[in-house]
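> Residue numbering for the sequence shown is 86 to 272, as defined by this note's numbering.
For the record, the hints were derived by calculation from the structure and aren't laboratory data. Take these hints with a grain of salt, some might be off.
Think about it this way: if two alpha-carbon atoms lie no more than 27 Å apart in a straight line, the pair counts; the simulated DSS-like pairs of lysine-lysine are [said to hold, decoys possible]:
#1 LYS131 x LYS173
#2 LYS94 x LYS173
#3 LYS253 x LYS233
#4 LYS129 x LYS94
#5 LYS94 x LYS131
#6 LYS173 x LYS129
#7 LYS181 x LYS132
#8 LYS94 x LYS132
#9 LYS129 x LYS181
#10 LYS181 x LYS131
#11 LYS261 x LYS173
#12 LYS234 x LYS253
#13 LYS173 x LYS189
#14 LYS189 x LYS132
#15 LYS189 x LYS131
#16 LYS181 x LYS94
#17 LYS132 x LYS173
#18 LYS189 x LYS94
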Amino acid sequence: AGSGAVTGKAVETDGGYILSGQWSYASGSLYASHFTANAYLYDKNKKQIVDENGEAVYRSFLFPAEEVEILDTWHTMGLRASCSNDYKTTNCFVPKEHSFDLTKGSIFTEHTLYRYPFDAFATTNIAVMCTGIAQHFIEVFERDVATKKPLHGDLSLGNIPQVEQRFKSLTEAFYKAREMFLADINI
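Generate coordinates for the entire structure from the input sequences, incorporating the hints supplied.
Set out below in structure tokens:
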């Protein structure tokens, strides 16, 4: 579980960082064995680290769930099982090798998935969800909706030429776009 927001503070120390902060919307928080979090970096003197443009530098961190206090903030009618609670940690030691830079590819492997920029990965993640929703809609339309008759209609939706033609063209366009998407991410 984790959050994409950069709301924590990580102070450099021997062998790693001391991480503190609070983050929101950690889907799967009640089931997670580990958490990730983004935090601004501070040197050993607790001075914020900035890049050559004067921008604050941040890193991402991986740490065990035992270091986390889950805050009971996910009170929704839908998506309740996602357990997207807020969480916090205070003075958690994170070894340097458990930190990483989201803006760069992995230093451990050359596999495409691990060289993929995070912003594009996050967007891809959303695209995959939308693809699943669209595929399910196609299945539901073919199974259920196509057999329904509109109010005051004589034909089922699947037998109305305009609906049938439009459904076919949109379905073909969707699967073509999906195929291109998967080819672009090398799957």
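> All the hints need checking, so say for each whether the structure fits it.
Comparing the hints with the structure gives:
1. LYS131 x LYS173: holds, 20 Å
2. LYS94 x LYS173: holds, 11 Å
3. LYS253 x LYS233: Roughly 17 Å between the alpha carbons, so the hint for LYS253 and LYS233 holds.
4. LYS129 x LYS94: holds, 12 Å
5. LYS94 x LYS131: holds, 10 Å
6. LYS173 x LYS129: holds, 22 Å
7. LYS181 x LYS132: holds, 18 Å
8. LYS94 x LYS132: holds, 11 Å
9. LYS129 x LYS181: holds, 14 Å
10. LYS181 x LYS131: Satisfied, since the Cα-Cα distance of roughly 17 Å is no more than 27 Å.
11. LYS261 x LYS173: Since the Cα atoms of LYS261 and LYS173 sit roughly 43 Å apart, the hinted pair is violated (cutoff 27 Å).
12. LYS234 x LYS253: holds, 18 Å
13. LYS173 x LYS189: Between LYS173 and LYS189 the Cα gap is close to 25 Å, so the pair holds against 27 Å.
14. LYS189 x LYS132: Between LYS189 and LYS132 the Cα gap is close to 24 Å, so the pair holds against 27 Å.
15. LYS189 x LYS131: holds, 25 Å
16. LYS181 x LYS94: holds, 15 Å
17. LYS132 x LYS173: holds, 22 Å
18. LYS189 x LYS94: holds, 20 Å
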